[in-house]
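Participant: Top to bottom, those sequences are chains A, B, C and D.
The numbering used here numbers the first residue of the first sequence as 337 and each following residue consecutively.
The numbering used here numbers the first residue of the second sequence as 337 and each following residue consecutively.
The numbering used here numbers the first residue of the third sequence as 337 and each following residue consecutively.
The numbering used here numbers the first residue of the fourth sequence as 337 and each following residue consecutively.
If you are wondering where the hints come from, they were derived from the structure by calculation, not from laboratory data.
There could be a bad hint or two in this list.
You can't tell identical chains apart in this list, so a pair holds if it fits in one copy or across any two.
Dumping the calculated DSSO-like pairs for lysine-lysine here, alpha-carbon to alpha-carbon at most 27 Å [as the list claims (entries may be wrong)]:
1. Lys557 x Lys498
2. Lys365 x Lys639
3. Lys590 x Lys388
4. Lys614 x Lys448
Predicted model only: the values in this text are computed from it and were never measured.
Protein chains: 4
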Amino acid sequence: MKSFASDNYAPVHPLVFEQISEINQDHVKAYGADDVTLNAIELIRITLQDSKCEVNFVFNGTGANITGLQTVMDSWNSVICASTAHINVDEGGAPERLLGVKLLDIPTKDGKLTPELIAPLWIRMGDPHTSQPNVVSITQSTEMGTVYTPSEIKALADIAHKNNSYLHMDGARISNAAASLGVSIADLTSKAGVDIFSFGGTKNGLMGAEAVVLFKPELAKKYPWIRKSSMQLASKHRYLAAQFISLLTNDLWKQNASNANEMAKLLRSKIENNSKVKITQLTQSNAVFAILDPQHTIELQKKHNFYVWNDNTGEVRLMCSWDTTIEDVENFAADINSVCK
Amino acid sequence: MKSFASDNYAPVHPLVFEQISEINQDHVKAYGADDVTLNAIELIRITLQDSKCEVNFVFNGTGANITGLQTVMDSWNSVICASTAHINVDEGGAPERLLGVKLLDIPTKDGKLTPELIAPLWIRMGDPHTSQPNVVSITQSTEMGTVYTPSEIKALADIAHKNNSYLHMDGARISNAAASLGVSIADLTSKAGVDIFSFGGTKNGLMGAEAVVLFKPELAKKYPWIRKSSMQLASKHRYLAAQFISLLTNDLWKQNASNANEMAKLLRSKIENNSKVKITQLTQSNAVFAILDPQHTIELQKKHNFYVWNDNTGEVRLMCSWDTTIEDVENFAADINSVCK
Amino acid sequence: MKSFASDNYAPVHPLVFEQISEINQDHVKAYGADDVTLNAIELIRITLQDSKCEVNFVFNGTGANITGLQTVMDSWNSVICASTAHINVDEGGAPERLLGVKLLDIPTKDGKLTPELIAPLWIRMGDPHTSQPNVVSITQSTEMGTVYTPSEIKALADIAHKNNSYLHMDGARISNAAASLGVSIADLTSKAGVDIFSFGGTKNGLMGAEAVVLFKPELAKKYPWIRKSSMQLASKHRYLAAQFISLLTNDLWKQNASNANEMAKLLRSKIENNSKVKITQLTQSNAVFAILDPQHTIELQKKHNFYVWNDNTGEVRLMCSWDTTIEDVENFAADINSVCK
Amino acid sequence: MKSFASDNYAPVHPLVFEQISEINQDHVKAYGADDVTLNAIELIRITLQDSKCEVNFVFNGTGANITGLQTVMDSWNSVICASTAHINVDEGGAPERLLGVKLLDIPTKDGKLTPELIAPLWIRMGDPHTSQPNVVSITQSTEMGTVYTPSEIKALADIAHKNNSYLHMDGARISNAAASLGVSIADLTSKAGVDIFSFGGTKNGLMGAEAVVLFKPELAKKYPWIRKSSMQLASKHRYLAAQFISLLTNDLWKQNASNANEMAKLLRSKIENNSKVKITQLTQSNAVFAILDPQHTIELQKKHNFYVWNDNTGEVRLMCSWDTTIEDVENFAADINSVCK
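Could you build the full structure based on these sequences and the hints that come with them?
Facilitator: This is the structure we're talking about:
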């Protein structure tokens, strides 16, 4: 039975397997000096409509975020982010441990930063007694299932740049956002002023691969050392790169993300009229957030896998994947409606 | 002219000089293996009414806080503290850089934590994906000039201990708090459940010396390595220790702190009825917080030295020292009342 | 054409692919809470003949070494290792950066530590002014292609334990050592006194997976936080674990390693009588080390891929893989003998 | 009785006390924004004959070395130093912990690096798999009591600069070296190509103060944050700065150092003809190194304080201070000659 717990509970898409299998021959140079890697980089540059951006592959999302951020941060810098940001609450304190930086986390209603929310954070600039903000980090789509429009991103890039800071995007679910908005990934990144981009693949059908994209090539100068000393440099590197080739071939990224998004919408539509189910967020990507009676949650979890997001409020997260089917949703929704009454 | 900017603008009390001068003879062992240091430790143990606590001297307040916290923290731990805490906003990000930990900072009205405020912070315990709170850190007196009573401290110690966490006290101005409350320093520390204590001296008339007190001796096992590798081990160690001897002889700590406190009260009394001066905090130690018209602040700063605490609200901090005199206060108050009208 | 540059230039063994493909179905819990992972752990415990050891999977060899070492090291500790150790010269300074520790590296003739070489290193124990050695780290097989016998390992474990230190084994090529010696992997680890073991898979036909084995279970208490905050926790974790299942099924590990070892022996036999080829090390695993005339090296590298190991001496490393064939070796040896004369 | 253990066992010179006492009045700005500090900086610039160099005061020698080195090092860099260097064996692993860097330590006979010794260290430059040397660090006078001549320093600066690296000088005993050579401190630093200089004071009669001098002002850009987040920024800063004023007034530095040096020479002259005392190093500053029979050492240590430098060889270090007298030396030498026979 399909889980609604997380998109990383899902298996690998068959086309990804095919791609890896296809390049599984011959000896090639290790550590990224191979043609598969070059091809994957080229595909990403085309996708991002930026022929100059620097692209590097890493193992996982935390690795992408941390090594990307390290290109611009000293330990006395700070990152402005939403309180719900993955870097703030789900990376085991890696930013503090590995970068030594402070996170200035801002409470939000929907997981989204706005220029108004962040403007007051650039204070005491030049004062060595306090951490100096120099990065704004946003997640697209957010941890709350919402999305930033291109113009919202641009506005954040503008205020960051005006304050001599960088805009970082944790794109663990960038495909879901682009598919949801009907725009290209370039529209949400290179064209919107993003400086550092964690291009997520694992949550969208890959086995395990993420890319760090640096849109200002000068940021890449130290990246090889950052990645290696961060233990994020794969020796048999082609197997990471190949996954991205499959993701960006024939719009597999869009097909996978669209399915997950549509299943989330379907799920929402089937439970939102239930008065015992209080939807709490817009359903703009592949997750539905809702408050359930904790007793109902316990009952449902006997049969279905999903996470309680907030123990205090009873809010749960119901997440769809590239392989979630209409039948999966209908079964789950039926059980929800049967239990929550 | 006396400054009202900070108690560390003040000079060293003459008795401290005398003490240092007195021990300035002969060769003695470096790094703390000397009799002056032993005597200072003994005096601190007597003061704190705990003959077993471990006492170590360091150069400055940040050094005391960071090395003390390191005795109990791994990089995946977090510290619960007030947003205004010195460790959060005035140590250049040292906790994040040197300990790798996260600070869970809580907005407060008066710089004081309460059990109610902090209880919700111990969540997701046991989950390696998120930082694990294991220290509650309070400042006594607080950065806002307020104080915790012994029973308030005990309540915080209780909730910390119940959650397998430690209570850390940044006592940069502990003397001001004890003098203000009319209690002993022991009442605020060893007897109130504090586990790790930064015993401040510099802001109360010393030249530069702080002590780290570990009330659970088992925490001290790694301390010598922590201090040395943190660059906080003085070679000519007796000159740090001697300062504490003077501070704890004939209650110099109380005499100095009481004067600073009284001068703050006097200052407040002379300006609080001025309708253009909006006092914002209780005056429980040696600082007066008030909102002034920014134009008035600019005018006053031409002649007097003091800090704007909050650029957005116009709040200023007016701080008295061990050597502030009635005449200093009267002159300053007169100028305030003359400008703010 | 096969490369003789590194065993990580080789592709993934087909049986590994089959195994991954077989488990690529259904939703399973992420981050290691799945049955594939449980099965892989069980297989490793059986292989190591230790039903209690703690097993965790990570992405790469540096990740295994660093997170394993972190279980026992404070920043003021040091690791005793050979100068040629991978942790000393090929991990981008990760031990210093991520653990903050010092490496006490010892020059050796053959990449192997001995009790005599390391005994003098435990000095100034208890002195906070200097790093305190508490780990001996050996590589099996070594970076020089040599191997430790079980009794040599035991002797190092004994001296380490006698000095309150741990024995760490970087087993990136453990299979080659076991196959070469005709012993089990257990003989070289659990039965020989190893405390912390990096069980390598990537260099022996896997796609990218290593396991950290902690033979003293108490060392595992903090491991989940160490791994997560080190960015070494895979979300789709089953794909790492499955690789180890294939490695340990039907002795694939031995089959792969034996072939690589035999091809190295064959290569050596075909060039060692060439007077222009000066073999420099015993060929006990899958690498041949030899000094060539630099001009010959340049000529050979036009057609073949291999590394110069030491620019000063002209020493080269010729490395065989699980898929190296007799024909590959014969062709390469013929070219060597044709050029080097 | 005077100790021959270390120059940091000695008390503070009376003129230093006088200077501190003289500036102990009035409120002045904290953290270095005061006139005493400005005056001290000016005096140092004059002493170093470099009006542009950046000068910052810190608490201790480790603080000076580490914060100075941090201005040019990333965690993947390495420092080339002598095995006996203070940063290598006496700073509790602070370089590794706080900078994350590797130390490439080179065995020497006399504590001195030479171009020949260090030239082979710049290898694999540009390779992210290995630490990249970018600093050569020398100690003047060395930990073995020897000194570098200006031309020896220049030669090391030249090879460092040729390799895009910096020359760092740990000048904990720079005064002893300058006094011994009969040259100025400028001759050994600014004029000899030193880039980063730890100007030592504590071991030469101060209470506790060191200065970090950056001869390339661009290195200073990040220094305020480095110092603050390293816990090396003194609040009552004038008391550090004042010590340097006394050191550099009327050549107190030279007077103190010369006495210590002469007493070491005197001590040597009185024991070097004793056949049971094997002098091991040139006596070019304030220490005499000699091998004694361990039984003699034990006997002597009943009455005199000095360190065994090498437990394996029985080598001891006999160190003189600014306040060592001829009588002290004669008494000690008499006892040595009486015991060692």
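Participant: Now look at each hint and say whether the structure bears it out.
Facilitator: Here is how each hint holds up against the structure:
1. Lys557 x Lys498: both (24 Å within a copy, 21 Å between copies)
2. Lys365 x Lys639: Between copies only: 14 Å across chains, 47 Å inside a chain, cut-off 27 Å.
3. Lys590 x Lys388: within (24 Å within a copy, 45 Å between copies)
4. Lys614 x Lys448: For Lys614 and Lys448, only the intra-copy Cα distance (20 Å) is at most 27 Å; the inter-copy one is 36 Å.
The structure agrees with every numbered hint stated previously.
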